[in-house]
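Trainee: Using the hints, put the two standalone chains together into the complex.
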Amino acid sequence: MMKLWFKSGKPWIWLNAAAVSTCLIMVVGLLGLITVRGVGHFWPAQVGQYSYEADNGKQEIIFGEKVDATVTSLAAAKSAGYKMAENEDALIQYQLKTGNRDVTGADFRWIQARRVKEENYPTNMMVIERREWGNFYGQLLELKENNTVIASGEQALPIVQEKLADALIMFKTINTLEKKEIGAVNYGLERLRLEEKKLALENHLDTEAKQRIAAQKTDYDLKYKQYQTQLAELYQKIRQHTLVAKTESGASVTIPLAKVVRVYQPNAMGLFDKIGHYGVKVREFLTDEPREANTEGGIFPAIFGTVLMVLIMSVIVTPFGVVAAVYLREYAKQGFVTRLIRIAVNNLAGVPSVVYGVFGLGFFVYILGGHIDTLFFPEAAPAPVFGTPGLMWASITLALLTLPVVIVSTEEGLARIPKSIREGSLALGATKFETLWLTVLPMASPAIMTGLILAVARAAGEVAPLMLVGVVKLAPTLPLDGNFPFLHLDRKFMHLGFHIYDVGFQSPNVEAARPLVYATALLLVLVIISLNLAAIVIRNNLREKYRALEG
Amino acid sequence: MSDINAQKKKSSMQKSDRDIHERWRLLKDSIAGYGVILGGLSVIVAVVLIFFYLLYVVFPLFLPASADSTSQYAVPEATQGKTVLLDMEEQNKVAVRFTDTGQVIFFDVATGKTLLNQKVAIPDGVQITSFSQASPVSENTVVYGLSNGQVIIVKHQYKISYVNDARVITPELFYPSGEQALILDDTGAALEKIAVATGDNATTIVAKTANSTQGLGKIRLTHFEKETSLFSEENKLTRSDAVLDMPAAGIEAILIDRNKTSLFLVGSDGRLSVFDISDKTNPLLKQHQNVVESGQKITRVAFLNGDLSLMIGESNGLVSQWSMVRNKLNRSALQKIRSFKVSDKAVVAIQTEQRRKGFVTIDADGVMGIYSSTAERELVKKSVGETLPVAAALSPRANALLVQLDNGKINLWNVKNEHPEVSLASIWQEVWYESYPKPDYIWQSSSASSDFEPKFSLTPLVFGTLKAAFYSMLVAMPLALMGAIYTAYFMAPRMRQYVKPTIELMGALPTVILGFLAGLWLAPFVEEHLAGLFFLIMTVPLGVMIFAYAWQYLPRSLYEKIPEGWDAAFLIPVILFSGWLAFALAPSLELLLFHGSMREWFKAELGIGYDQRNALIVGIAMGFAVIPTMFSIAEDAIFSVPKHLTVGSLALGATTWQTMTKVVLLTASPGIFSAVMIGLGRAVGETMIVLMATGNTPVMDLSIFQGLRTLAANIAVEMPESEVDSTHYRVLFLAALVLFTFTFVFNTLAEVIRQRLREKYSSL
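One line per chain: the protein sequences are R and W, in this order.
First residue of the first sequence: 1, per our numbering; consecutive thereafter.
First residue of the second sequence: 1001, per our numbering; consecutive thereafter.
Treat the hints with care, since some could be wrong.
[To be verified] Derived DMTMM-like pairs (lysine to aspartate or glutamate); straight-line CA-CA distance at most 20 Å:
hint	chain 1	residue 1	chain 2	residue 2
1	R	K197	R	E181
2	R	K197	W	D1165
3	R	K10	W	E1564
4	R	K432	W	D1019
5	R	K10	W	E1252
6	R	K333	W	D1029
7	W	K1028	R	E208
8	R	K473	W	E1718
9	R	K78	W	E1528
10	R	K78	W	E1527
11	R	K78	W	E1600
12	R	K432	W	D1029
[Unchecked claim] Label pairs and their computed distance ranges (CB to CB):
hint	chain 1	residue 1	chain 2	residue 2	range
13	R	S249	W	P1501	54 to 60 Å
14	W	E1600	R	L286	44 to 50 Å
15	W	L1049	R	A332	41 to 47 Å
16	W	V1045	R	A69	30 to 36 Å
17	W	L1474	R	R193	24 to 30 Å
18	R	V337	W	L1558	58 to 64 Å
19	W	L1645	R	M2	30 to 36 Å
For the record, the hints were derived by calculation from the structure and aren't laboratory data.
On a predicted model such as this, the values are computed, not experimentally measured, just so you know.
Where a beta carbon is used, it is the ideal one built from N, C-alpha and C, also for glycine.
Looking at chain W on its own, in the form it has when it is part of the complex (with noise of 0.2 Å):
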């Protein structure tokens, strides 16, 4: 009984055991399955999350800018007279008030606290008649003018040190030429307008003087260049003094560039005076013109960084960039470049960025706008206050702005703006650049100044890669779509089982392998052999219908014996022989048609230069590249016409040609058109070939022998030297993503047709 119950209970076991063991099965059965649709979902996330990535970094090129008051406060020793100037230094903790009694005020930008108050050693009796900022702004340099046609010349600065690992700022002033008052003005006229350009050796100061018993005021030019002797510590401070030619009267504001070549005397009736002063000590007016509207004002001037160009401010709420451009008798002149409309009321403050082509404008009813003047952007439009705005000032970072407005308050704005430079004009239309003759497409990604400007313009490279595609279709179109018409159709299978392999084959082959014989073999070859590969063009083909034609008066019995679809292997020989006549004939046809070098013809005659890795290298190069692709693909399709059309097309009477356009071609088209499709889509991406086989020059020019860059070249080139997450790398990952696109949809319509083509196939 028990020997039952255990055997029972033994097999209840088995049971149950083998239960456990058919749950298992169907879990790890239910599991797979699962994890196989994930396994196959993941293809289309992982083709999605490309695109959205790159999406992802190339969004916040077009986000606006924004600005958000963070504080407000009383102005700091507001007693101390009326502001001329806000500063703040770069890391935006301390700030400073300059006033018209001579006080510097350092305050906390945050609080408004202040940390340091000074008066300018400004000697007894005199008053503070003219103040302005130094050229280049980034200098933190300022010039008082005095009533007794003396100048001081003031720097703000900021020491940085590290009390346990914190930050501490600490501003002081320092007299760049020393505690003692210059002379400007001999007869101690007062100075009521000065502006200065200060450098490591040399500082030029602009001042306009008053009436005087002396006589009428003046416009003048006082240079100062520090000679250091070779043999002694002291410095030789040499002093140079001119007049400009030029009424006093009417002078409302006076600026220097940095190079202190351009002295800039704008007028109260609108008229800006160009002075060149190369020279210092003979000032040459070059230019005197209207820059504003009829009935309009100008109300601020400032420039923008790089003292390349002017932004003129008017009572019309217009703001003009103004630029040195260099006309067709290649003399340079100021013009207008392009002009912003920021307000119906006047601009009253004209704030521009120390590191890039920004400025920030506010105007009479208190409303900010910062603008991207190449990018031609309007970033951010706010209102900083009800009152009228007194003094403004952006960090040297362009990430904050202090605004003093008429009702004794500081406004402290943040202001997020990253990528002001790119727009989508900007990259893909005309931009006219500072001191470029006229509008273009550049792209001109990096430099070693600091003050450069980038230039994105993705026309160029989209330009270079249609151009690279272009040829290299050219080359591998006719190559391609021949031989797959042949080998499918008319070859003899024993033949087509190698053929097929072998071209194939070339498709595997590196292109860095391919790249680098056109840059290093082929590019020399056909410098030296150009005519020849001209005259190859002519020779081969000519050459193969030639052997052709002779071919069917080939002894019947010969002709006979010769088993068919063989010709291929016949012709390579023949190829062969007519590209050597070409290169052997080359030299003295060249010399008869083209006076010894063709290369030499082209430039003398077309007036086409000749670069030695250019568009026609990287057309062989990468249409050889392409040629695989697109043989296989349409070898594919011809082949698989079903075989009772053509049998059908033959029986009724229609030769093998015939049969092969009027039925093969048209049946297979699709399949075709989507070879070049891809094969389009490999050439527009290819990156080694046009890297190595061009000259990656980002010229926009048709010419066979030009140069050219392609989208995926300059990715390579530029990406691993671009700064994560600046501009320049988002702009490189947006011509990563129209890459894809392009391809993208190159290769989805054929997917789509050929899978529409299988369908109909399967069907017949």
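So here's chain R without its partners, still in its complex pose (with noise of 0.2 Å):
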């Protein structure tokens, strides 16, 4: 009986499916995990107040999330050193993120179940965000106005809201300040420093040159003093108040509240303010810039950086992959040079993309950046402007990287148009050129869409040649901003994909940031898998379009 089943082959192809079976599996449980794990992230969770014996018998109060749990079997917990009694079948363990970078050295602590004497969620567990030493956790004691109490107790947590909302009014303000007009007035004067040294290289700095100059440089000046007195009133005011709260060993911190970003009480939450918080530390993760060393904060930098280079990538690759699919189809004879060209193709879809990074450090940034410097921007040096990795070099090595996509993808469409239309147009009296143009290139178009989403797509996620040729881990200024000329192709940038990398193996603090990167990994799943399924979805109807066609 058996020898027959498998004489029929059914086993094999039910290995077959199998193996189906398992791939389904696998891309729906990575999708399902990273989903989890970064949907969790911003949920506000509940802070535990343990009371714990530590190993030397001492009893300890600590707070803290929990974030993780581990069972440990009875012998591998007796193999690993831990003492168990006989009644215990496995050892439970639970991380706890405990906060309080400042005061005990470390963010997260491993408790074991069994040594917790008593678990509560009191609701007067306060989380305060900081821009500096992670999350606190604690208690709230008192908030004062320089040094002088203003409140304390319970009754000082709606004060202190409310003193804090008006702190990062002014935290916005000091931002804008720094960033944006001081930011200004640097790059003017930067500006103005090159102008000089361009006109002393040319010898056409004359005095009516040097006034002019002169005169511009007093004026910034005059702007950056009047700057930096608003600044000195700004910091002055958001450093008057401080909040005393109490840790989990009973010390007092003293937290001024220009480091706070946020203060709540989880534990007092009801659903409807959970999904409130949930919904604005979403935006704040999409809005945000990063603080901490990438660890906490938003990362809109990296989404703007992602964006701008797939945009830039978009304008170079589409004519490229356009004219070079039309000759393979339109106006090429099919023989050796259009097999060497697919031959061609093909190895550019397959060259590994950190080779493509080699080449854009050493062909783009090196010798053509290079050249561009000393033709065009001989003041800066020595300096680099273009012979230094950035967003235009970043932009031009993916463009080359994903041309094979836009190509495979406009051949295929170009194929799919029936000849009765090309030849259609061509006994009217139309060109070549007029019938490709005017009749096959509209009717191409949504492959060539679905061609340039799929490039898109791969250029969001790819991250090996992008941090040899102009991704940093943190760029002070984002590469589009109002000062002149707005875009500035020769900036470094930051983009998700590197963000991943970085924050998740080469952050100081990893166990912190991996929540984020979670989320940061899911952000860019949603985008690339929303872009997929496009091109797939018109790829579709392009294809019912033509089958009505040709019926």
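Mentor: Following this line, the structure appears as structure tokens:
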């Protein structure tokens, strides 16, 4: 029976089916994992108060959120050196996020479940998100204004929130002043310096020019002083308020409101409060700048950098890809040359992306960029302008990398257009170019679109070449701002994919940053999957359309 | 009339307008045609450009060095004594000639014009009996041994100043231990041979004294240590003396290494004695050994940069490199690690480079050779003159060479030697590096110390690349190909419509996310549940088989209702359950079979260590990345096998499985092959996954539980830090070129096969 069954080949078919199922489970499991971990990060977790018996038998109180739990079997726990009682069959451990890095030196702590004597969730437990030292967990004691207590105990919280709102507004103003206004002044001064140097290099630096430059300089200096006084005032004001809170060990910690981002009591929140909090956190994640070496705050600069780079890349890759595809389908005689081109296209698609990075760095950055610098920016020497990795080179490198995607997709689209349409156009007297331009390409435009979307999806997820040609972990300024010429192609930028790598693997506090990395990964996956789905939908619609045409 | 004329004119104007328009249209058409052709060909240009640019950067690595004589002039102040040492400062502007009369002549390198002529402060009535360069050579210190048992240490140094934006180099002499001669031998015996090692706070001098009325000559070791007192500015000089337990007769040369721990005595009989002088009061003889072939003599000895090995030149033109090597007993001993046959004549000069492991030899015929020791390359061989060379100096940057000949002339040679440390052999074969116990493949490109020798062996990286690719193919190939077979041939079309895009979507996932999950989630998970993973490989197929067997015993009525081709969907819960079972049973099975922990068992029983980020993790993660590519191409190939072939086979009575294996797979095999090739190409070049999921240690270890470093990850790690046009930079480009070539071969092969297959199908 068994033998016969094997002979029929059925088991092998089942095994093959199992391979497909496994692949599906892997894909769905992976997406599920990222989603669960990424989505959960922003939800305000309960903060517990644990009475814990430490190794030496001492009792202590620990505040923290549970982030992870492990169950170790009896044998494994024994071999790892834990003393286990006879009636225990497993060792349960929790990882707590205890925060207060400035007090305890670590953000996380593992505790054993069996040693927890008491566990409760007091509603007055307060979480403070800070700009430095990570989260603070504790209980509010009092609020001070210029070192005099103005509120204390539980009643202080509404006042804290009120003062914090003011402080946040001030902080925002300070930030705009420092980044935007003073940044513009500095940028202007730098441009003046370069202009002066350039004029000197060209021997055009006469007294008139000198006077003009000096006048502008004094202008800027004046502005700068003005901003400085404004800043000093604001700083003085924002530093007025400090709050005092009690940590788990009972020590009181003073935290200036200027360093606080958010104060909340998760245990006291209702469901709707939590949803509201969640929304605020998601918005912060999407629109804010990163804090604390990228481990907290938002990822806006990375999103911005990715989008801008992809846009510039699209502008470059589309014409080249379409022209190459048109040549392959419409102009070339199918033969040796087209075979060669197809091989070249496949190779372009198959060459490891890091090789593109190496090529981009060597050829674009050092050779092309170096020459551009000596020709057009002699005044900036020895500082490189385009002779260093930057946005433009990254876009061009990725355009080269995604070229095959556009070519293949466009070619497929061109192939689907029935011959009769071209022949009709030619028969009416149109030239080949007119046929192409007025009938073929418009019909193929969804295919071109598909190719472009796929190229964008590829570029958004690519990291290895970008590491070499212009992505940095933290860019001080966005490549697009209010200073002439607005789009700074020479600037370095941040990128979602690189952000994941950097924060996940090179950050000083990987443990604390991990939830943020999951959230970033989720965002990137969502973007890429929706781009791909869009491409698939467009492609399917296109197929339907031509099927109708052929019929 | 005029009206008609006007009309005619108008129409002719219209005609010419239209003409122009026509011509413009045609012009546009042809311009567009050329533009499109140009655009199409530019794709080829891009590929060729990438290849040739990589080649262009790599090429200088393998170019030989060059040396050209740029000027020749008479020896400056030739009357003031014979040259005992020539030396040059870093900028190659000022050179110095030390004479046997204690005269120091600084001169212009290019013209030979004397810049400064000074006499070393030698006491009256005393002769110079010995002279040597201090170790390390880059300190520019020399020592004179005198006939009254005293020594003088002199340093030649160069001050750089800028006058009117022009660089001016001013040479001067400096006495680090004072102008007063140091008394080395109390009895006043002449110092016949001398060697010194200097440092910031200590100086070690070893001298051979002449036979005198007081007794036979001895070898003395004197050590000065400067102790800076905490409270006063005063420096206290402590001195220790020792006499080596060794007859002084026949000692030709003395060398001390820069750490002042080893002393080498070269005997006229070709024997080398090595002393451990870590304890300055108690020098110990460690080794006494013949280092030349019988009948030959040692003609020159010099330290290679770093003072870790000695280059010993012989009278038969052989230069051998001897280095301290640890043997099996963990005792280090001087051992010959390689030798160069530089000439048939005696080696009269060996000049070593100050920043690399290169050296220059000159033989008795005046033939100069430039060599790189570790790369075992002869870079230049040239005659520097007919007459016997007297002295030679290599500049600190090793880009200029001064040679003084017997005919009273000095020749300046311009040396261009950019990348001596790399050769095909040093990149691909085992190299015996200094102080390593045996030749090995090593990639170690940078370090903090300045006399560090970069080790560029691509072999461990290529090994790591292939290892990662192998394990990922091991994961991906069965899943992707079997999945493709099922999806293309057995699956219900409705299900296929969803399954194929889903799996292809897998390929669109950024590898950085796969790498991140592999490194931060999968690696710790597998470390903890290693046994579960191994049981999974067994339980899942078993579970599927049991389910499949049970399936045919389903009640007939139910069996018929279930549509065909949805097996994969039914299997999902089965696989999930058997997978869960594997992990649930793992702890107890582990206890039963492996005494508690599989990892520990591997380590204790088989001696296999476990890295958290290892080849297994890479295999799974990269397998995941490769599956969609392979699946998609293989599925296409199988799906497009012409229907009449399969229908024919089935009509002849073959089962579906027989049709599959005997007809479909055979026909589609080129397509499947090309799928594997492309998958392999992707696995070889993948960067982010290996970067994040392995420890990036360039080790050569086949174990699945050890880390690795691939070519691509190596480029990503080191490229941003390498200096442009340095050897390291070019070697990284070589790594990129190797990757390019790898994938080029795979992809071209795959594409050619696919093109053939397409033609075949269309003809069927």
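Trainee: Hints first: check each against the structure and report whether it holds.
Mentor: To see whether the hints hold, each was checked on the structure:
no., hint, result
1, K197(R) / E181(R), "violated, 24 Å"
2, K197(R) / D1165(W), "holds, 18 Å"
3, K10(R) / E1564(W), "holds, 13 Å"
4, K432(R) / D1019(W), "holds, 18 Å"
5, K10(R) / E1252(W), "violated, 87 Å"
6, K333(R) / D1029(W), "holds, 17 Å"
7, K1028(W) / E208(R), "violated, 50 Å"
8, K473(R) / E1718(W), "holds, 16 Å"
9, K78(R) / E1528(W), "holds, 15 Å"
10, K78(R) / E1527(W), "holds, 18 Å"
11, K78(R) / E1600(W), "holds, 13 Å"
12, K432(R) / D1029(W), "holds, 6 Å"
13, S249(R) / P1501(W): 54 to 60 Å, "holds, 56 Å"
14, E1600(W) / L286(R): 44 to 50 Å, "holds, 46 Å"
15, L1049(W) / A332(R): 41 to 47 Å, "violated, 20 Å"
16, V1045(W) / A69(R): 30 to 36 Å, "violated, 58 Å"
17, L1474(W) / R193(R): 24 to 30 Å, "violated, 60 Å"
18, V337(R) / L1558(W): 58 to 64 Å, "holds, 60 Å"
19, L1645(W) / M2(R): 30 to 36 Å, "holds, 31 Å"
Violation of the numbered hints given earlier is confined to hints 1, 5, 7, 15, 16 and 17; the remaining hints are satisfied by the structure.
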